[in-house]
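Visitor: Residues per chain are reported as follows:
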Amino acid sequence: MSATRIVITGMGAVTGFGFEWQTLWEKMLGAEHCVCPWQPDGVGDGTFPVRYAAAVDMTLLPEALKDHPAWNIALEKRSRFGWVAATQAVNDSRLAPDQLREAAVLCASGAPQHMLADMLLTLAPDGSAPGWQHLMPRAGQVNAEGSLRQSNDRLARVIADGLGCEGPVINISSACAGASQAIGNAFQMIRRGEVNVAIAGGADSVLNLDTMAALYLLGAASSEQRWGVDLCRPFDRNRSGLIAGEGGGFVVLESLEHALARGATPYAEVLGFGSSLDAYKVTAPQPEGRGAALAMQAALDDAGLRAQQIDLINAHGTSTPLNDVAETLAIKSVFAEHRHYRSLTVSANKSQFGHLIAAAGAPECMVTALACLNDLVTPTVNLHDVDEQCDLDYCAGQAVSRRVDFALSNSFGFGGLNTSLALGKYREHGQ
Amino acid sequence: MSIAVYIHSAAVLNAAGSECADLLGTPPSPQPLAFDATRRAFALPTPRLASDLFDRKIQRSVEPQGLRLLHCVARLAPALAALQLPPARIALTAAIPEVDAPSPCWDAVQAISEQPQKPLAQLLANTPPLHAITLLNSSVMAYVAEALQCHGPMGGFCSQDNAGLDALVEACQQIVEQRADAALVVSSSPNLTPALYLREPTPSAEAIFGEGAAALLLSSAPSRTTPHALRIAGFARGYSADPQRGAAVARRVIDQALSLEKLCLGDVEQIVANPEDAQLMSLFAEHPRGVRSARAMTGDLGASTLLSEIALALHHTQSASATPGHTLFVSHSRAGHWGALLLASETLEKHT
Chain A
1 MSATRIVITG
11 MGAVTGFGFE
21 WQTLWEKMLG
31 AEHCVCPWQP
41 DGVGDGTFPV
51 RYAAAVDMTL
61 LPEALKDHPA
71 WNIALEKRSR
81 FGWVAATQAV
91 NDSRLAPDQL
101 REAAVLCASG
111 APQHMLADML
121 LTLAPDGSAP
131 GWQHLMPRAG
141 QVNAEGSLRQ
151 SNDRLARVIA
161 DGLGCEGPVI
171 NISSACAGAS
181 QAIGNAFQMI
191 RRGEVNVAIA
201 GGADSVLNLD
211 TMAALYLLGA
221 ASSEQRWGVD
231 LCRPFDRNRS
241 GLIAGEGGGF
251 VVLESLEHAL
261 ARGATPYAEV
271 LGFGSSLDAY
281 KVTAPQPEGR
291 GAALAMQAAL
301 DDAGLRAQQI
311 DLINAHGTST
321 PLNDVAETLA
331 IKSVFAEHRH
341 YRSLTVSANK
351 SQFGHLIAAA
361 GAPECMVTAL
371 ACLNDLVTPT
381 VNLHDVDEQC
391 DLDYCAGQAV
401 SRRVDFALSN
411 SFGFGGLNTS
421 LALGKYREHG
431 Q
Chain B
1001 MSIAVYIHSA
1011 AVLNAAGSEC
1021 ADLLGTPPSP
1031 QPLAFDATRR
1041 AFALPTPRLA
1051 SDLFDRKIQR
1061 SVEPQGLRLL
1071 HCVARLAPAL
1081 AALQLPPARI
1091 ALTAAIPEVD
1101 APSPCWDAVQ
1111 AISEQPQKPL
1121 AQLLANTPPL
1131 HAITLLNSSV
1141 MAYVAEALQC
1151 HGPMGGFCSQ
1161 DNAGLDALVE
1171 ACQQIVEQRA
1181 DAALVVSSSP
1191 NLTPALYLRE
1201 PTPSAEAIFG
1211 EGAAALLLSS
1221 APSRTTPHAL
1231 RIAGFARGYS
1241 ADPQRGAAVA
1251 RRVIDQALSL
1261 EKLCLGDVEQ
1271 IVANPEDAQL
1281 MSLFAEHPRG
1291 VRSARAMTGD
1301 LGASTLLSEI
1311 ALALHHTQSA
1321 SATPGHTLFV
1331 SHSRAGHWGA
1341 LLLASETLEK
1351 HT
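First to last, the protein sequences are chains A and B.
Every letter in the first sequence is one number past the one before it in the working numbering, and letter 109, counting from 1, is 109.
Every position in the second sequence, counted from 1, becomes a number in the working numbering once 1000 is added.
These are computed hints drawn from the structure, not numbers from a lab.
Here the structure is a predicted model, which is why all the values come from computation and not from measurement.
We treat Cβ as the ideally placed atom computed from N, Cα and C, and that holds for glycine.
Heads up, some of the hints might be wrong.
Calculated cross-link-like contacts (lysine-lysine; reagent style DSS-like; alpha-carbon spacing at most 27 Å) [unchecked claim]: (1) A:Lys77 to A:Lys66; (2) A:Lys27 to A:Lys66; (3) A:Lys27 to A:Lys77; (4) A:Lys77 to B:Lys1118; (5) B:Lys1057 to A:Lys281; (6) A:Lys332 to A:Lys281.
Computed footprint of chain B on chain A; a stretch qualifies when at least three of its residues, placed anywhere within it, have a C-beta under 8 Å from a C-beta of chain B [unchecked claim]: (7) 269-283; (8) 414-421.
The whole structure should be built from the sequences, with the hints applied where relevant.
Guide: Spelled out as structure tokens, the structure:
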């Protein structure tokens, strides 16, 4: 592999914690979470079975962001969050406009947001079976912010248009592995010399009636009510399913040479990326975590790291019964030599800001980078009664201070699409 | 590229037929759309999946665009199996458009209309538990991976016409960077729905879309069944929604794609591009050999366009009259994506 080193020089995150990554990091170190009572718009009687989510709280929008164009043009909600996050990342990187001209934009946007009101336009006036033929004469009534008007790659394009990026503009679709794939592909593009700078990440929001109903019916989203807002509990015996979040996250990646030439200070270095396929079942991860292990091993190989060098794994940790056991088994298989899994710290960010679905990998990559920078690991909150099949150190309850030279950030998508990013502490003279 | 990557095999499905040679036939006529008789398109019947490769339940749980893709991919299964590779060395990349079907199924839409005061109850009572699976691109990738035993690197792409190039580039790089020895690149056109015509940037009134799918098998060794092979020789991508900047971006992209082989545009034997795109065609006004496209045979296949054109190029390469030379594929999406791919047709030295 080439000697080109790739670093993270800018970060932006919109989550239930707020609109800046600094807030996210501070609250996570304080062992807070942002899961709150939630019901979809249009369900006013509290009967929607999924009662909690980590929604973005618009009252936290800082004054400085109120003029952002994302709030003023027709966009899906997720695209607004993503555009703001990408802008923050670029501002954070202090890249000048002319340095962005040849930049790539890689963006994961999740499944389209279908509007129930639009679908009702497919009904025949006489009440007969619905069909697209009934919608076309009413096309003027189709919501400008819904999926029938907004293509899936809209966010990638508004970011590129807004920043004047003329490099590759790529929209990623690999379910919950999407943002991680975006960052991994961006890393590879810089390493092979296709571009010098990339803005990569994702945005998603499934917090609407029909998408959450679909996740509930699928058995993926938790409808548990015993634990109130504390129901997202990865690796706990009482975990009951994913708790959806929403938002977006983007990082600015650039070659170290490019970063240093303009006086930028890297947060962390991206060292490798691995991906794999379970090839098992659409509805469940491979029970022994075979695909997850392949992705982690591929990331280690790509980074030129030995398993024993890893200090931290930012787990996919969805709080679903199947994922958390399979991921634990995968970690134990990859880090089996000298039982290194006993020396690892494993942390599950979704316990704090929910599952951002296609965007999940982006803020989780940032938190991993910050762990490398600060030698601090954010906790897995709500983990009180560890599942006996989950027998690793999950950093339960509170943040820990420990040396983090190298870390993996895992994201596994529905259908067995797996990714793992290898990050390292930035060192002037290399790893 | 230090390791050569070849287009080993290809499969297509479109209005022209299901064989690459069908793309050389007489153009079919586009037909009025079922939901809008003022527009014409190339619609396809939903194919039946091979039950020896795919679970029969998949036929009911995948949208037509996914079924077309799976039908196409199935025909590459023997070629992939013949390579006898470990599953972890087989990559899978996909260019699949978003699904435009309603996320509550049609039955739920109907039920909600009948009791609009109880949308939640109707939604939950009339949506099958696994309905969401039909809406996810990752489901289609998972079915391909399971059926053809691909455990290696993956990448899913969902843009406009450029998604096919993104998927091809990623697959190619998996082999070049030695993370895989072979890669399946799969693609599908979008379903013909109103969204195609309503989404920005909206197409021209004359746009003729088509339904179809295409899949390629890439490998680090060429197929030895013919005396010629098709090698990936260069690629580049760029973007500008600004028409003033578009030509400069396009020229940069083309120059980059040609640079690895140290070629200029005049050295290219064949250019494949959309002849109806005036901005694109202006780039080749002086090229002596003109521009080829299979678009008249298929309609605009969106994310499946590039792979379908490559499949035809492979067919030419494998014909008895094939001659060595380069083919340059240049794409330009309505939104402003530019892409260029250079393929080299080569004579195999030790053909057996």
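Visitor: State for each hint whether it applies.
Guide: Now the hints, each set against the structure:
1. Proposed proximity of A:Lys77 and A:Lys66 is supported: the alpha carbons are some 15 Å apart, at most 27 Å.
2. For the given pair, A:Lys27 sits about 22 Å from A:Lys66 by alpha-carbon distance, which is consistent with the 27 Å threshold.
3. Simply put, A:Lys27 and A:Lys77 have alpha-carbon atoms about 24 Å apart, close enough for the 27 Å limit, and the pair holds.
4. A threshold of 27 Å between alpha carbons decides the hint, and for A:Lys77 with B:Lys1118 the separation of about 25 Å falls inside it, so the pair holds.
5. Under the criterion of a C-alpha separation no larger than 27 Å, the hint pairing B:Lys1057 with A:Lys281 is consistent with the structure, at around 13 Å.
6. At most 27 Å may separate the alpha-carbon atoms for a hinted pair to count; A:Lys332 and A:Lys281 meet this at roughly 22 Å.
7. Using a Cβ-Cβ cut-off of 8 Å, 10 residues of the region 269-283 of chain A lie near chain B, which meets the minimum of three, so the contact claim holds.
8. With a cut-off of 8 Å between beta carbons, the region 414-421 of chain A has 5 residues touching chain B; three or more are needed, and the interface restraint holds.
Comparing the model with each earlier hint shows no violations; every hint is respected.
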